[in-house]
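Asker: The chain contents come next:
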Amino acid sequence: MATVLLVEDDPAARQGLELALRRLGYMVRAAETGEAALRDFRDAAADVVVLDVMLPGLDGFEVCRRLRRDSDIPVIMLTARDDDLDIVGGLEAGADDYVVKPVEPRVLDARIRAVLRRTARADSPAETYGELMIDRGSLIVRRAGQDVSLPPTELRLLLVLSGSPRQVFSREQLLSLVWEHDYLGDSRLVDACVQRLRAKIETDTSEPRYIQTVRGFGYRFGPV
Amino acid sequence: MRTRLVIAFIVVALLSAIASSWFHTLIASYHLSAWLDDVILGPGWLQSLVHTDPGQPAPHPVRHTALVFFGVEAGLLLAMITTAAIAASRRVLQPVRRLAHAATRMSGGDLSVRIQPRGRDELAQLVTSFNGMASALEDKVGELEQMEARARQFAGDVSHELRTPLTAMTAVTDILYEHPGLAGDAATAARLVHHEVLHLNRLVEDLIEISRFDAGTAQLATDDTDVATVVGRCLRARGWTDVSADVPAGLTVRLDRRRFDIILANLVGNALRHGALPVTVTAGLHSDGHGGTRLTVDVHDHGDGLPPAAIPHLFDRFYKADTARARSEGSGLGLAIAWENARLHGGHIDAGNHSGGGAIFTVSLPVNGYLPISGTELQAEPARL
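Line order of the protein sequences matches chains D and L.
Take the first sequence: its letter number 6 is residue 5 in numbering that gives the first Met the number 0, and every next letter is one higher.
Take the second sequence: its letter number 29 is residue 28 in numbering that gives the first Met the number 0, and every next letter is one higher.
Okay, chain D solo, but in the shape it has when bound (with noise of 0.2 angstroms):
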């Protein structure tokens, strides 16, 4: 019974999407705007957020943003696609995947089971590559001893490639393996979560030594 955050500024919508993901079998809570939504994720703990973009006052990217700050939680940004700066900039702002409005109840639940089997724990020992420790028991990643926290999404993708070190995968495999989207999915969710990534592992990113691109193939992990 994992525990939604909706944050949408429109009632007529908000009370639709609530009652839709109440009888799909999640516990939600609800927030008219970007202040109330952070303060509500303070004092109750919810397993995913799914955020609208357009927010008055602070809008979706800051609140996405500021809950990043202080936590791995998966976030799944509402939006309405008028503009492809909107998908990029939930993107850049630490977003896992995203869904366009007016959204089918199916589609927003499978994108939030998705979202939640990235969390799923593997069993095997601790893995180290370099200054890398992956942990896929305890999903622990270590850069030179220091915890690194990673949200879902970004700790799947390290999770699929460094499964398979220096195996190439293509953006439309990874959209598969890590977002479960089907081949018509955007390929900038999966550099803009590369980035991300980079900008957490890599000591130097320009010269990326764990998440490597191969031009006009797609990305691998290593050779370290």
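Hints are computed from structural coordinates only; laboratory data are not their basis.
These numbers were taken from a predicted model, which means no experiment stands behind them.
Quick reminder that beta carbons are idealized off the backbone N, C-alpha and C, glycines included.
Among the hints, erroneous ones may be present.
[Claimed, not checked] Negatives, chain D to chain L, calculated, CB over 12 angstroms:
{"no.": "1", "residue": "Arg38"}
{"no.": "2", "residue": "Gly88"}
{"no.": "3", "residue": "Ala113"}
{"no.": "4", "residue": "Ala125"}
{"no.": "5", "residue": "Ala198"}
{"no.": "6", "residue": "Thr212"}
[Said to hold, decoys possible] Quick partial rundown of chain L residues pointing at chain D, CB under 10 angstroms, derived from the structure:
{"no.": "7", "residue": "Pro164"}
{"no.": "8", "residue": "Leu165"}
{"no.": "9", "residue": "Ala167"}
{"no.": "10", "residue": "Ala170"}
{"no.": "11", "residue": "Val196"}
{"no.": "12", "residue": "Leu197"}
{"no.": "13", "residue": "Asn200"}
{"no.": "14", "residue": "Glu204"}
{"no.": "15", "residue": "Asp222"}
{"no.": "16", "residue": "Arg232"}
{"no.": "17", "residue": "Asp260"}
Following the hints, complete the assembly by docking chain L onto the known chain D.
Answerer: Chain L only, in chain D's frame:
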């Protein structure tokens, strides 16, 4: 202008008269051979007007000199008349030529062109009228362009506004639809609402997509794509298992996968809805005759074909060829969006009837030359139908 011409003619005439009489006076004192005399000196009555000593044969050198003078005078006269004529005509023709040139530029789209009128004659008046007409045209066209831009902006804004109520409705219609307690009229009503909300969603999404093309904000997100894979997935995702695809393996092209899928889905959907099985999708690479390569994708059905009157309008927005047909599931914008997607790639879509029956739509997209295109031989020319 008339004055210029008149003056020009008078000058030329005067010059000729002066030159001629000078020459006549000069040689009148000599008697030349009879026929030349008659030619040069003219009839008797004319000769008597001038002091002469007829009957005296002219000495040879004089005769030769006279001939030379005659030639020189004729030549000079010709030169003067020609020069004067050219000068006069140029003065007249030059403003006319400028006017013609300006008109050509205007019809080419440059409505800002104006000419400086010179003088106050009829030509200057014509130039002034021309300038006035160009100004009025420029204003009018500007107004129309603004109106069109506003109309498109409005359509886009309306669609955005519609999305808000639609979000709430979309989230809950299936709750009504799936409610076990509803029966009879209520159940029918719930089903109707559910379908219409989804239809409205599609329509609004299409309208917004079109408004993005109109506003110029649509962008291409390209990726190296295996054509056979994307075609196969397009068909499978929609359950079109009875559509056959003939795409060479290993054909990799850089294109926007999502948009390509939209184009193909629309064409195949139309083929199935308005045409008839069998429907085939064929793809291949062709040289475009200018050193470049194009990816062509044909969607061919075996229905009744396209009514010829409809063909030029097929890609118009909201165009429905068969108005008597029950309204379709689509928005009426499918082909227009497909066309815009092809255009965004730098390509185009052609529609026509296949010689073997049925309709055939051909998508032609340019392929970036520098990318390695694997596994397929280039064909010299697309297959002629």
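Asker: Decide, hint by hint, whether the structure agrees.
Answerer: Do the hints match the structure? See the list:
| no. | hint | verdict |
| --- | --- | --- |
| 1 | Arg38 | holds (24 angstroms) |
| 2 | Gly88 | holds (15 angstroms) |
| 3 | Ala113 | holds (18 angstroms) |
| 4 | Ala125 | holds (35 angstroms) |
| 5 | Ala198 | holds (23 angstroms) |
| 6 | Thr212 | holds (14 angstroms) |
| 7 | Pro164 | holds (7 angstroms) |
| 8 | Leu165 | holds (4 angstroms) |
| 9 | Ala167 | holds (4 angstroms) |
| 10 | Ala170 | holds (4 angstroms) |
| 11 | Val196 | holds (8 angstroms) |
| 12 | Leu197 | holds (8 angstroms) |
| 13 | Asn200 | holds (5 angstroms) |
| 14 | Glu204 | holds (8 angstroms) |
| 15 | Asp222 | holds (6 angstroms) |
| 16 | Arg232 | holds (5 angstroms) |
| 17 | Asp260 | holds (6 angstroms) |
Going down the numbered hints, you'll see the structure goes against none, and every one checks out.
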